[in-house]
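Take the sequences, apply the hints, and build the full model.
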Amino acid sequence: MDSFLIRFKNPLVLIAIVLAQVIALAMQVQRPVRGSVPVPGAGGAPDNGHVALLRRWTVAVVTPLERAVQGTTEHVKSAWFDYVDLRDTRLQDKELQTTVARLREEQAADAEDAAQGRRLQKLLAFKEQYISSTVAAQVIGTSGSERSRVVYLDKGWADGLRPEQAVMTPEGVVGKLRDVFPHTAQVLLIDDASSGAGVVLVGSRIRGILRGTASGQVEIDNLTADSRIKPGEQVVTSGGDMVYPRGLPVGVIQSIAADPNHQPYTAIRIKTAADLDQLSEVLVVTGMQDTLPPAAQADAAQADATAEAGEKAADIVADKLPSLRGAAGVNGASGSAGGTGSTGAAGASGATGLAGAANPALPRPEPVLHPDRFSPGSTPPAVDLTPGGAAAPAEPLQPSSPK
Amino acid sequence: MAEHSYSSRRELDQYGFHPAVTVLAPLVCIVLQAILPRAFSRLDILDLPLIAVIYFAVARRNPIAGAVTGTLIGLFQDGLTGQPFGVNGIAKGVIGYIAASIGFAFDMENVLNRLILNFGFSLLQSGMLYAIGRWLLGDASYAARPLHELTRAAANAGVAIPVFYGLDRFRVRE
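Quick mapping for you: the protein sequence lines, in order, are chains A and B. Here the first sequence is numbered in the working numbering, starting from 1 and rising by one per residue. Here the second sequence is numbered in the working numbering, starting from 1 and rising by one per residue.
Bear in mind the hints are in silico, worked out from the structure with no lab data behind them. Being a predicted model, the structure only gives us computed values, none of them experimental. For glycine and all other residues, C-beta sits at the position ideal for the given N, C-alpha and C. Certain hints may be false.
Facing chain A, according to a computed beta carbon distance under 10 Å, are these residues of chain B, among others [stated by the list, open to error]:
id, residue
1, Ile45
2, Gln77
3, Gly93
4, Leu136
5, Arg145
Next up, the structure:
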């Protein structure tokens, strides 16, 4: 026995090492995580106790070094951008001013739609969730592995970050927090194979589940072929997964193809709005609320005022252009003067056939070539009709004078 | 004139390292591996910790030491990913063992041998990671990408040459 152990010492040690890790793998994969939110692709759930501790130790060793490198890089970058690379600043300033002017115009155009949307939401008692607080964080490192799409942030538990919080950039969704350590947090990117999110296709309003793939792509793989789904269509979060707030941009449909491994479903590949390969700063959504946050409320009030001002401007224009209201007044006067009754200008002009005297802004039917009892103006007033009497004659009636 | 037997040649090419180098060199490789893809996303195709495992295993010529070194480096790498502990631990442990076992059969001072060894072990690791992901973890999304893995192996082999020369400076003959 001893000779066997001595002779096969090396392979036995290797077998023991591998076996121990296989058992450890099995335990990690089998154990469910208590209290974790069930999301599509549940592999993105936080670790359980012992594993989390091991990961915390690993991260505690590596992240200070990453932070130091990141800090040095940022100092060099800021020195360059703040003092050296100012050549194009004036040009950029002009471009920005143009952009601001354009955005103001767009804001004015959108203000009325937004106000109308809010009114409708209020009418329908629609429970909207708004982002109330975010924490800006910097990406300091990655997992270093192509098969695990994970990045590390320079903020952690101490800064109010918690697992399962959404992470985004101004462009769109980035991922969610997986493990949160005291001063660092691990973000599971949406292109990771264990990642998932509920999404809506903006044009067709079709709901789907977004998943990452092992090759780092992002796909919707639970939809069957549908002619309404087209490349270029925008994809936003649905809010149904309770992780990502509703309406965050995810990306656009890049391609649609049959999924050979998953028939009859299609693999709808998404080009993410956020550049997941070049992340430097991100926002972590740390709070949601039912009402608009104060700053957004102020913006909404301003938008309402803008919309109202737009309506008032229309009234002022109408007041200052007598042709708009004068024409209606004249028509009304002529109708009354012509003795066509108090049915109004349109009715009067229609009855008398005085083309040209009516308000030109109002649509009028074309003159009838072969009138019948359905032609406009052919129906006699109700007071002239007899219950059970004969039908009206086919020829158009002359307008009756008031009795 | 001393007559060199098979075992004495093995002992002749056996090297040791200062404990600080043993700890810091893999750590630097792991940190660089974590930082570089942030600046250049394409660099995530590299596996610097794998190069460190191969180098130390081949230099020490001790299969158990190679397996332990590979396992520890792999587990450390797993700690930074979202994967369970053991994925890289198993793969790199096995590679450390094999590299130490067959290393004496190669003249590791030869650049071509170093290239071939790194290329081969990179492919072997890709195969093991695929097997672990697909069968042990039951993740059906793992797909075999032969061309991509060949590219990865070539890139690793190319980067391994300067890394090996850098680490050669810290080795001491035992």
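- Hints the structure violates: just list their numbers, smallest first. none
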